[in-house]
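Got two chains here, separate frames each, mind docking them using the hints?
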Amino acid sequence: MRIILNEIKKIWNLKLLLVAFIISGLFYTIFMSNFIVFFKNGHSITEEIEYAMEISKRYGTEITDEEFSDFMSERQSLISEAEEYIDKFPIFSEVGIYNFEDYERIHEKDDQTEREYEAIWTLLGEKGNYVRFKIQALDSIEERYDGYPEYVLDRGLNSEDTPKRELARLREIKEKEEYLNIMDAYSFENTISYSIYLGILTILITLVLVSPLVVNDRSGNIHLLQYSSKNGRRILLQQFISIIISAFTITTLMVLIFGAIYTTNGTFVFWNNGLTSFLNVAVDFFWFDLTYGQYIIYYILLLYILSISSAMIAFVISRFSQNLIALIMKLIPVFSVFCLISFNVFFKTFSNVNFFYRLTGLPWLEPIVCLFVLIIGLTSSVYILRREKKVDLI
Amino acid sequence: MNIYTFELKKLYSSVALWVLIILFLVFNIFLVVSSGDQYVDFIGATSHETDYVLNEDFYNRLSQVQTSEMEIDCLEQLKLDTYQAEDVFDGYDVNEVGERYIEATGAPEKFAEIIRNKYSDLQREVDKKAESNEAMTLYFAGATYYMHQLLFKDLMGWLIVEGVLISALLVLLSIGYENSNKTENIVYSTKTGRNILRSKFAASISAGLGAYLLLAMVTFVIYFSMNDYSGIWGSSVSSIFNYRNDIIAGVRPFVTWHSYSVFTYFLATMAMSIGLICSFTLMAFIIGTMIQNSYISFFVFLIINALMIAIPLMMSNTTLFSYYVKYYSMLSPVWLWLKHSLWFTDGDTDTLWKYFETMGLCVSILVLTASSILAAARFKRRDII
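Chains as they are written, first to last, in the working numbering: chain A, 1 to 394; chain B, 1001 to 1385.
Quick caveat, the hints were computed from the structure, so don't treat them as lab data.
Treat each hint with caution, since some may be false.
Mimicking SDA-like on lysine to any residue, the simulated pairs with C-alpha atoms at most 20 angstroms apart in a straight line are [claimed, not checked]:
{"no.": "1", "chain 1": "A", "residue 1": "Lys40", "chain 2": "A", "residue 2": "Glu54"}
{"no.": "2", "chain 1": "B", "residue 1": "Lys1182", "chain 2": "A", "residue 2": "Asn216"}
{"no.": "3", "chain 1": "B", "residue 1": "Lys1339", "chain 2": "A", "residue 2": "Ile30"}
{"no.": "4", "chain 1": "A", "residue 1": "Lys15", "chain 2": "B", "residue 2": "Asn1179"}
{"no.": "5", "chain 1": "B", "residue 1": "Lys1182", "chain 2": "A", "residue 2": "Asn221"}
{"no.": "6", "chain 1": "B", "residue 1": "Lys1182", "chain 2": "A", "residue 2": "Asp217"}
{"no.": "7", "chain 1": "B", "residue 1": "Lys1182", "chain 2": "A", "residue 2": "Leu393"}
{"no.": "8", "chain 1": "B", "residue 1": "Lys1010", "chain 2": "A", "residue 2": "Phe320"}
{"no.": "9", "chain 1": "A", "residue 1": "Lys15", "chain 2": "B", "residue 2": "Lys1339"}
{"no.": "10", "chain 1": "B", "residue 1": "Lys1182", "chain 2": "A", "residue 2": "Gln226"}
{"no.": "11", "chain 1": "B", "residue 1": "Lys1182", "chain 2": "A", "residue 2": "Lys40"}
{"no.": "12", "chain 1": "B", "residue 1": "Lys1339", "chain 2": "A", "residue 2": "Phe31"}
{"no.": "13", "chain 1": "B", "residue 1": "Lys1010", "chain 2": "A", "residue 2": "Arg218"}
{"no.": "14", "chain 1": "A", "residue 1": "Lys15", "chain 2": "B", "residue 2": "Lys1010"}
Simulated restraints on C-beta separations [to be verified]:
{"no.": "15", "chain 1": "B", "residue 1": "Thr1349", "chain 2": "A", "residue 2": "Gln136", "range": "27 to 35 angstroms"}
{"no.": "16", "chain 1": "B", "residue 1": "Asp1073", "chain 2": "A", "residue 2": "Tyr151", "range": "30 to 38 angstroms"}
{"no.": "17", "chain 1": "B", "residue 1": "Asp1073", "chain 2": "A", "residue 2": "Ala168", "range": "52 to 60 angstroms"}
{"no.": "18", "chain 1": "B", "residue 1": "Leu1374", "chain 2": "A", "residue 2": "Val353", "range": "28 to 36 angstroms"}
{"no.": "19", "chain 1": "B", "residue 1": "Gln1066", "chain 2": "A", "residue 2": "Trp121", "range": "54 to 62 angstroms"}
{"no.": "20", "chain 1": "B", "residue 1": "Thr1190", "chain 2": "A", "residue 2": "Phe21", "range": "36 to 44 angstroms"}
Take a look, some chain B residues computed to stay more than 12 angstroms from chain A by CB distance [stated by the list, open to error]:
{"no.": "21", "residue": "Leu1017"}
{"no.": "22", "residue": "Leu1075"}
{"no.": "23", "residue": "Ile1365"}
Quick reminder that beta carbons are idealized off the backbone N, C-alpha and C, glycines included.
Chain B with its partners taken away, still in its complex shape (with noise of 0.2 angstroms):
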């Protein structure tokens, strides 16, 4: 325990650290604020008054309400757009985005069977929302795919980004922090020795997850305090008014897998931020115990990553094997980083299975431990000079 806390003062005490923190904050302090919007303030203020739930009582509600003379066009149009609202669930049929994706993608017989089959379950989510009428809700109205993206693809990827950066570079300086010390020798040849490694895990892991804690909590605070969600959190993220876009299946409503309020969407993709944060720094750990130079590990890490980006895309689709390692490539962390603004929905072309971020998670994380175990244990026997 003791030599936890040192190994963790070692990591914050680096000035650094805290430049880098404090520049990604200033970074997204300017995403947040360069963002802002008159009509979403109003559908904030509003959400109080009317509820979410696009019922009957909304729009008693929202006809009575009282504008000042400057909010009129926002409350002309709000009426506009959640005017005769309909279920977009309604009718919708799913089955059709598979059967586009498999077209454009040319997945052989035996993916394109687990594809339609995930359309087929998620078709029965479509009717189960459809019945339930889940999406019938406000959210932010006209300005709700603007807002999500803003929310859970720029805000939420850079993020994942900054805490990745802040956490790999953490495990890379704490693992050679002896080497570049020169203290190697004499730790080594204590009484704890090379098991040193896991207080140093956990410390560099503790401090990179408290790293993008700090970001995240600092950004949000500042992102809810500039836009009010606390009328519409209960929101359906799967909102009539929510929607996504992509070259392939044209536009079409967010479907997740199960019904994700805002603000249980919000703490999901957080946890699964986390956990890719986690997986990454496993990922790091392994470099770190492999290469002694820090410098050099931490290009690695980078060059890993862009390589499990650039064998899937430079792969030509002609064998089965290339779609094997397209499907499974995608399980990866950096795949998963990459579709963030996706999870818990079906996903798109290439996404084989539902739940892939789930899956993706648990693939990744129990790999890379097994790999930190090992690499840890060969770290135990490496040879010193």
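Next comes chain A alone, as it looks inside the complex (with noise of 0.2 angstroms):
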């Protein structure tokens, strides 16, 4: 115990905990604040998130017919809203526009005059308070809430090349009514994205920080000093394990500190929501019935899975590397497909247009992949482990 412990502060030194730090804090800055600081880009999509907020804090996870006209009642009052800052603003008057349908009109003609379209675009700027985004956006979601049962639902149905599984699932969602659910598209695109990016950092760092361990032993012949002692070669072993619970560690902590960062975007409100949605236009469906907090559950579950088989295969890798650049030159290609693991495993995971289940055919892929990739790097392991008892030094 003492020694795996002394071990990991082998993994963790000063240096190497710097060089991730900067690491972290540059990819960030490069490619995940965007995430951040763009989430609520550009009308109408800030109103639209921002409505599809409002939805689910008012009536809970799931809408209803009444509670959804309820809702729309929204825009009579927003319609009045528009029409006072008609009366209030002298343009409009100006180039003949005097309620909201001749204002609709003039939106939707060719070639607008200069005070028209300066009339236009009071309306859709601050000082109309941008009103008439507010009313795309609600029309939007309208549009999505009647067009998902026929767009989607329906046309799956009724097409012959919609494949069993789907049909099955399609009836279920039909059946029980599951895309009544709210669950904002841009606000999930958003997670996804930002995980995906979080799960090749995490990566990257749990390789950078675990693989030169077993190298600095051995490229200072380290390694047969521990072989004779009275510990002997158990000493491997016992570095595969701080390997392992330093992998865990860094997944640990890089899920707190950049699911912490993500909360400033909000969009944990959706919680408890179902993300089979008719608001959910990123995805058609997934395969079970599943939430918004659930879906982050699974991604930090599988990251755990990924992240854990990176630090084993990176320690199968390191065992027979004689230099530090060596094993980078190795770690490259391994790196890059984790990558390629990660971003196809969690794009849009356990939904219909996942790269796995398109490819194949078969649901559930993604986890099966993770847990795959799990067994080649713990049986490397344990073949590294077993066969380093009897293997001759020189």
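See the structure below:
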């Protein structure tokens, strides 16, 4: 136990931690900060996200027809708000806009004059409280509410090309009215992109930190010394255990730190809401009734599996590397493969648009792929550990 | 000389290096193989009969081309693409592009003036091109953009990344070799002593470039045997079918400063890539002499380049200083790499000068060479323990 603790100390040395810290910071600024800074980017996306959050706050995780029409009554008050602005600003009467219908007519016109253009943008801008964008957002929400059963469910159910598996699932969704869940598509897509980069970063940091442990000992021929001690060749197993513990800790830390940063987006209001939703146009459906919170928990579980298996593979590789540069040369392809795996696994996991489903037509492949990688890592590590007991040193 | 060969041997006898080269090759071949297109093959074959200049002769020959049943669609497509082709450079006003860039970035007057001058120079080039009808060449007709991007963006870009990674790792391997094998003290006490750094540098840069050339050669032999360029090598890269696309200026012709045929553009890009790899190698060399642990050196190398990318991105365009940082950091090797598909053209929003790639490469190499000399001098006086 004491040896394991000391090996862990060797992994978490200050210089490497500093390197890992700077790498995380730069990776975050280059790849991940966009998903925080530009989450609500532009109109009417901002309005749609805010309305979706409001629906969820007001009606809970699911919505019924009455609740929906109750919510849509907001549109009327927005129109009267718009008409207030139309009365208030003289620019509207100048171009012949006296009510909201006039406004819409001019809005759809192809050849607007400069003044008309200015009038149109009054309601689309801050001066008009973005009211036209709010109406647009409500319209698009309504469109999806009406559209989902028709375009996704009925089209899928009536088409002959739909595979049996999808057909059964679509029927189930229709029966249980699962699509009445409230889950905003922009928030979901944003979470996915962020989580993919977080996965890649976590694996990178794991590889950077845990790989040099064994190589450092071997390039200094310290392993010869270790093997002749009382503890003997068990040291490799102890190093393996400390690598796994470190990988686990790194993943925990990364998830905690970057998860905390992500809470600033406020998408966790959807925590209990199902992902198969009429609003969630990013995917058609998921293979089972999955909530946003469950999605994140499954993501974290899969991330643990991937990062621990990457640590195992790094362990196997480092056992066969004589120096640190040779180690990096081998880590580059390993890291690329893990990037590819985590990109495909974390891209809309458990949905019908995930890479693995599209490739093979089988659902549930995402966790299987992760477990497969874990098994590869585990068996090769066990093989190395057993072999080490008998291997010739020179 | 003797030491040089031994140092070289240390590098190429590393198994991991060969594994890495083979894996990179597999990746490149995957890129090449997944790109096939019947139309491109057809143009490659037809261009032998029709020649690549779009003139009367071309149309006469094209109308006489006989094809098999399979390729009849391609022939129709080619006729449609080349039907009544007009020179894009006739009356093309490139100054407008400059104005859009200035507007989009809010460049201060001082820099805006330089950009305007650049584009009025470019306008002269455009007029020359319009007069010489340079653009009236076939290239790959409707598939030009795709093929140009494939060769000059994807393949060239990945090859540079691979070359840079390998040569940086080789430099670090070479410099850190004695340290990791605990032979440092013996080597430094010999007559050659720390001057071994020269042989090490020469060996690692030649091994790095050798690896890059090997990668490039194999990749391009496969690429050019799959895609027949022999009939269109002479086409201009500024062909009417080629274009570039960005958010601010939209779709516009691909204008180069000089007249490049596909062949000369290919050679120029290769030369530029080699220069770029040299500058990255110098950078790794400096880091390698400063930091003893070669594992950390490599990540410091990555971090420095990532910083070069992140700093201009993080700075908001508020002060004059931030513009200085932004424009000058474009001359750094990593930004030259990011803009590799725009080499020898006018660049985009944040390129200030014409010939930015040549200028950037010269500046990088000069600065890095000077710093390497300093770093080597420091290395000679460094305490061993």
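Hint check:
no., hint, verdict
1, A:Lys40 with A:Glu54, "15 angstroms, holds"
2, B:Lys1182 with A:Asn216, "12 angstroms, holds"
3, B:Lys1339 with A:Ile30, "17 angstroms, holds"
4, A:Lys15 with B:Asn1179, "18 angstroms, holds"
5, B:Lys1182 with A:Asn221, "10 angstroms, holds"
6, B:Lys1182 with A:Asp217, "13 angstroms, holds"
7, B:Lys1182 with A:Leu393, "19 angstroms, holds"
8, B:Lys1010 with A:Phe320, "18 angstroms, holds"
9, A:Lys15 with B:Lys1339, "33 angstroms, violated"
10, B:Lys1182 with A:Gln226, "18 angstroms, holds"
11, B:Lys1182 with A:Lys40, "56 angstroms, violated"
12, B:Lys1339 with A:Phe31, "18 angstroms, holds"
13, B:Lys1010 with A:Arg218, "19 angstroms, holds"
14, A:Lys15 with B:Lys1010, "28 angstroms, violated"
15, B:Thr1349 with A:Gln136: 27 to 35 angstroms, "30 angstroms, holds"
16, B:Asp1073 with A:Tyr151: 30 to 38 angstroms, "33 angstroms, holds"
17, B:Asp1073 with A:Ala168: 52 to 60 angstroms, "41 angstroms, violated"
18, B:Leu1374 with A:Val353: 28 to 36 angstroms, "54 angstroms, violated"
19, B:Gln1066 with A:Trp121: 54 to 62 angstroms, "59 angstroms, holds"
20, B:Thr1190 with A:Phe21: 36 to 44 angstroms, "40 angstroms, holds"
21, Leu1017, "6 angstroms, violated"
22, Leu1075, "33 angstroms, holds"
23, Ile1365, "24 angstroms, holds"
Of the numbered hints given earlier, the model fails hints 9, 11, 14, 17, 18 and 21; all others are met.
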